[in-house]
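Visitor: Read top to bottom, the protein sequences are chains A and B. No gaps in the numbering here: position 51 of the first sequence is 51 in this note's numbering, and each next residue is one more. No gaps in the numbering here: position 171 of the second sequence is 171 in this note's numbering, and each next residue is one more.
FYI, nobody ran anything at the bench for these hints, they're computed from the structure. Possibly wrong hints are sitting among the right ones.
With the C-beta cut set under 8 Å, the calculated list includes, among others, these residues of chain B facing chain A [as the list claims (entries may be wrong)]:
id, residue
1, Glu375
2, Gln379
3, Val459
Positions of the beta carbon are idealized from the N, C-alpha and C atoms, including for glycine.
Residue strings, one per chain:
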Amino acid sequence: MSTAAASPRSAQAQAFRDFWKRFARNKGAVVGVVILLAVVVLAAVAPLIYPQSPWSMVQRPFLPPLAVDGFLFGTDTLGRDIGAGLVHGARISLLVGIVSTVVALTIGVTIGALAGYYGGLLDDALMRFTEFFQTIPNFALAIVLVAIFQPSITSVIVAIGIVSWPPVARLVRGEFLSLRSREFVQASVVLGQSNLQIITRQILPNTLSPVIVMASLMIAQAILLESSLSFLGLGDPNTMSWGYMIGAARTVIRQAWWMSFFPGVAILLTVLALNLVGEGLNDALNPRLARKGR
Amino acid sequence: MLKRFCTLAALAAATALTAPAALAEEPKSGGVMNVVIQPEPPGLMLGVTQNGPTQMVAGNIYESLLRYDTDLNPMPSLATAWEVNEDGTVYTFTLKDGVTWHDGEPFTAADVVFSADVFLRETHPRLRVSLQHIESIEALDDTTVRFTLKQPFGPFMGIFEVGTMPMVPKHIYEGTDFKNNPANNTPIGTGPFKFAEWERGSFIRLVKNEDYHVEGQPYLDEIYWHVIPDAASRAVAYETGKVDVLPGGSVENFDVQRLTELDNSCVTGKGWEYFAPHAWLWVNNREGPMADRRFRQAIMYALDREFAKDVIWNGLGNVPTGPVSSKTRFFDDDVRQFPHDPDKARALLEEMGYDGTEIRLLPLPYGETWQRWAEAVRQNLQEVGIEVEMVATDVAGWNQKLNEWDYDLAFTYLYQYGDPALGVARTYLSTNIAKGSPWNNVQGYANEEVDRLFAEAAVAFPDENRQSLYTEVQQVLVEDVPVAWLLEIEFPTIYRCDVKGLVDTAIGVNDGFVDAWLDR
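Produce the complete structure using the sequences and hints provided.
Guide: Here's what the structure looks like:
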């Protein structure tokens, strides 16, 4: 009994070790994971290191970095602590990145799966619908959506989700098209499984690897989109974000470089880390593809 | 009384004459001045169009009977002397002799009667309101005009500013369709500068009026008003020396400090005394906690208005004590004071039992300065425990929300035009509560006492009586805090230090070029 229970667990552990081995072969990916973990930890402990609101005007304005103890990154045009803005901004960036990606995946996977599995007219209809969204530039559509819904954290997330799903839909559709004629799917049909069961239990799990890789890149893309919207003043006016910090500091960039520099570096590092991790995941999940590339 | 006014006029004339001497510098004649105009005016016929940029350019082409110094005392312009009867209902102006229009025709009392009684009554909505107090306007002879009022009207001596009552030529406009007269494209005034050419989208050129009625003036040969649509480009034009003057509001606030730190660069907040832009937060008196006076007082204590002035407005302007700007007549600071005192704010909130209801804050969508200001105000209010949510908006949304009273707190600023009866009363009279305008009694404040005081003060005579009524109304209003007064705004005029005598009156560059000269 005990051996029977232990063996799947050890098999899982073994699978994870293999996965990690392949992932760790890409040094950049490991660096990405480290940076990303640091950002996540900072975001998590933000209320502990900066208990005050990042909007609080705590010191004199235009304080350069390191000029006063405790203000490592200086203050902005109103005397708000840039350090507090950075860690609180990390929460918003990660939140928007992850939630809007979940939104995009939900829409994209559903549409892609239906189109790829059923084919025919439904496929045509759904793909034309997808192309309709693909022809409109992402950022322009996001701006319009946010402007219509009034800028708030919810409308930003929804807007980014809505503009990001088409590539997911096309990817999932492609995978479904190639998998639906395989033997294991035919076997499931013979076994009498319903369409829903075949889609969710048989085909979907086999499409996950490329979707996961894509998702990690989509989070990065979403963070960039959120920052761009906030930079233009279309972010939620009640949440501190990196894009907002750069947008507000843009006008004084000649007098106070640090106000836009640090949030800029934060965006750069986070997005870079997500891209590196995405590449590592690609190596680990599609080992044959990755080796072909080398 | 009659004597008193004559003395005042003489005194004003004397100051005007001695002012250049006091500088101990002899004005130099000649030179070309380059100025920014933002945005491009829709037209230059000041009697027909009264936009800000039109007033700024055309105020140097047209003139009115009077000018005003920075304390809003009248100075002679086309009128050299004026008298008023004992009960303040008949004003007689003596016009300057030998004044001609730019086309050579003589300027006479008939032009004054035509301008005020016929032309502007039709084309100038703001003046029309004041003209309702006037029974008749008559030319007694070529250089004497008599205004007879229905009853004393306190602000009367303040309506002869060039943007309010510009003199227009009767011989060109009589009997024509004023608004569509082709002559509007080639404005003819009596002012120190003549219209020369207008390259649309590029520049407006004015040239010296050689026959100007003040000997030796103006000093400048030409003025170029440059149209530069982008704020950053305007700042660069000044940096590179293409323009010499950036009138108030033509560059973003955050550029002001950098530009004034350049060599040979000066800045002044003067020249807005007549308009006295007054900024405040509309507080919707109808709803929620804002209906409680203690809540509104708490807001006043919570705001750090000195900080906003110093940090957001680069130290320009004044923190107001109440509804009347310190630049406007009948201002009185003998009112309840609201220093920045978060503890008092918290105590008031505690006393009224504020339950943490969330308040919406609507910023004025006029750019970075106003956005930062809204953020600072939100922070001030949150620090005393008021829950504030900022609402994002554009100009159309801001207008609509105020028109429909769909707001809790909202930023705004309004002009005061030198007299509380013209620019202050309109915000607080209960008769001015009506949906559809963001400029009337938007906050919904109704107080019979205030209505009565304003009504009496507008027609009281002489000024001593007006003062005591206005002092009383200021005290009542400040106690009630119908809106939260934020700042007496000064829009900085940035100019080369060798441009002299430009901003010496209550309307600044709008009529400043008659005295301006270049020390080069």
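Visitor: It remains to establish, for every hint, whether it holds in the given structure.
Guide: Now for the hints, and whether the structure bears them out:
| no. | hint | verdict |
| --- | --- | --- |
| 1 | Glu375 | 6 Å, holds |
| 2 | Gln379 | 5 Å, holds |
| 3 | Val459 | 46 Å, violated |
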